[in-house]
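**Student:** Here is what each chain is made of, one letter per residue.
Number of protein chains: 2
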Amino acid sequence: MVGPRSPRSLLTEPVEAAKPSDPKARLRGILEGAAKLIGAKGYEGTSIQDIADACGLTKAGLYHHIQSKEQLLLKIQDYGMDVFEESVLAQVQSIPDPLERLKACMEKNILLVTHGWSKEVTIILHEHATLTGEARTHINARKKRYVTFLERSFEEAIRMGDIRPLNPTVAAFAFLGMVLWIYKWYRPDGALSEDLIVREMQDLFFSGIEIPTRPPAPPRRPRAKALRPRATGPRKAKPTRLANSRRAKQRKR
Amino acid sequence: MVGPRSPRSLLTEPVEAAKPSDPKARLRGILEGAAKLIGAKGYEGTSIQDIADACGLTKAGLYHHIQSKEQLLLKIQDYGMDVFEESVLAQVQSIPDPLERLKACMEKNILLVTHGWSKEVTIILHEHATLTGEARTHINARKKRYVTFLERSFEEAIRMGDIRPLNPTVAAFAFLGMVLWIYKWYRPDGALSEDLIVREMQDLFFSGIEIPTRPPAPPRRPRAKALRPRATGPRKAKPTRLANSRRAKQRKR
Numbered sequence: 002m003v004g005p006r007s008p009r010s011l012l013t014e015p016v017e018a019a020k021p022s023d024p025k026a027r028l029r030g031i032l033e034g035a036a037k038l039i040g041a042k043g044y045e046g047t048s049i050q051d052i053a054d055a056c057g058l059t060k061a062g063l064y065h066h067i068q069s070k071e072q073l074l075l076k077i078q079d080y081g082m083d084v085f086e087e088s089v090l091a092q093v094q095s096i097p098d099p100l101e102r103l104k105a106c107m108e109k110n111i112l113l114v115t116h117g118w119s120k121e122v123t124i125i126l127h128e129h130a131t132l133t134g135e136a137r138t139h140i141n142a143r144k145k146r147y148v149t150f151l152e153r154s155f156e157e158a159i160r161m162g163d164i165r166p167l168n169p170t171v172a173a174f175a176f177l178g179m180v181l182w183i184y185k186w187y188r189p190d191g192a193l194s195e196d197l198i199v200r201e202m203q204d205l206f207f208s209g210i211e212i213p214t215r216p217p218a219p220p221r222r223p224r225a226k227a228l229r230p231r232a233t234g235p236r237k238a239k240p241t242r243l244a245n246s247r248r249a250k251q252r253k254r
Numbered sequence: 002m003v004g005p006r007s008p009r010s011l012l013t014e015p016v017e018a019a020k021p022s023d024p025k026a027r028l029r030g031i032l033e034g035a036a037k038l039i040g041a042k043g044y045e046g047t048s049i050q051d052i053a054d055a056c057g058l059t060k061a062g063l064y065h066h067i068q069s070k071e072q073l074l075l076k077i078q079d080y081g082m083d084v085f086e087e088s089v090l091a092q093v094q095s096i097p098d099p100l101e102r103l104k105a106c107m108e109k110n111i112l113l114v115t116h117g118w119s120k121e122v123t124i125i126l127h128e129h130a131t132l133t134g135e136a137r138t139h140i141n142a143r144k145k146r147y148v149t150f151l152e153r154s155f156e157e158a159i160r161m162g163d164i165r166p167l168n169p170t171v172a173a174f175a176f177l178g179m180v181l182w183i184y185k186w187y188r189p190d191g192a193l194s195e196d197l198i199v200r201e202m203q204d205l206f207f208s209g210i211e212i213p214t215r216p217p218a219p220p221r222r223p224r225a226k227a228l229r230p231r232a233t234g235p236r237k238a239k240p241t242r243l244a245n246s247r248r249a250k251q252r253k254r
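So the sequences go chain by chain: B and P.
So that you can map any letter, position 242 of the first sequence is 243 in our numbering, and since no number is skipped, the others follow by simple counting.
So that you can map any letter, position 213 of the second sequence is 214 in our numbering, and since no number is skipped, the others follow by simple counting.
Check before you lean on any hint, since a few could be wrong.
It does not matter which identical chain is used: a pair holds within one copy or between any two.
Unchecked claim - No more than 25 angstroms apart at the CA atoms, straight line, and that leaves these computed lysine-lysine pairs for BS3-like:
no., residue 1, residue 2
1, LYS104, LYS144
2, LYS104, LYS185
3, LYS25, LYS37
4, LYS145, LYS185
5, LYS145, LYS109
6, LYS70, LYS42
7, LYS60, LYS37
8, LYS144, LYS70
In short, the hints are calculated from the structure, not lab data.
When you get a sec, could you build the whole thing from the sequences and use the hints?
**Tutor:** Written out as structure tokens, the structure is:
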């Protein structure tokens, strides 16, 4: 999923600096320009001629890159999903521990939203319901893959004793809602830094579901017993063999 | 804020059943019809004539209720805020305990989203950025009041020792994101019931921040000491006089 460009460079490299001979960068420039225009004038209020004008192209030149206005909308959404997958999914999906994976995923996704990457593309990706038929099915399937990735990570974390039992689907959508809603309220010049948002949201979300790896040993209790607490419900610390090995790994790092 | 109609009846009463002589119900019907049309055709793609046709009115008849297309958009958003305030805010703001207030608020807000109240109005309220000038300022101020209500409730809950210290602004937006994102994924015929969503989301959100009112008394510790645990950090149980009186109240119910 990661191409020769790093996601960082993909996000920060100015489109203007791309060589005109680089067709991928050219297309990105068109998609971001079109997204801005659609954001300002609405999809129905934006003509192919408007987009061509904004991109410094003739209508024929624009049709070299896209076949129709609906295909342009699909390409903007696909581009949004590409950036998301490169900047978030590809960065975290190989993390073996599911809880660490979920926490890293929340961080990467929050930073993608707060880093000011094209807000217009994000809005079109999440708010535009104009796509129909196959195009809509295609984008929905890409979004669904992210939901499934989150659900499976929650399920795995429950199995490994990292988090207490919960409904993985509700957890996945709660995670997504918290993180994706940020584009609606975050202001780069506001009082809340992106690091603070990451820290607070990770804490809000995970502190209530994480099973502590080291149960607080009650005083005057022999150590051997403290490692095998009685089962008193899903919220009690219940270290498993896997959780212990994870802890051992973490200590080694 | 609560009018003579209960919010329940406002949500379930079919618009068609309203007497034509009831101008409020007539306006609601127009706003919901216009929202559906804008949802399907886009704001720019919907003309005043389209809306008049859909409502069975002449253009002049429609202009009796609204002055312009932008004013119609503002009225739809104001109507969305009215329903929200009657069904959520007015139902919970008099609850004295801030944590109970926040939990009830989450439940009412989730049910407003899942109960299938006009999704089109919700979408226009949260996704339409077409309003400008005073109209935009007005709607943003109404939305901001809800954020402030949540922030103050979190602050109060922290002061009362109901929840551990956290950033009230991030908590308010995390709460809103979890709850409002539901309109994007919830399907009434899906596998998740609205009661399950309420329960799971309340648990996800509050179990990690709530300070247990009854700290688990370690064995062999005298009872008097168990009620005054050492201060070992914000996540430790720290019952206050207020929290204790709340507990006593709850036991009486």
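**Student:** Okay, which hints does this one fail, numbers in order?
**Tutor:** none
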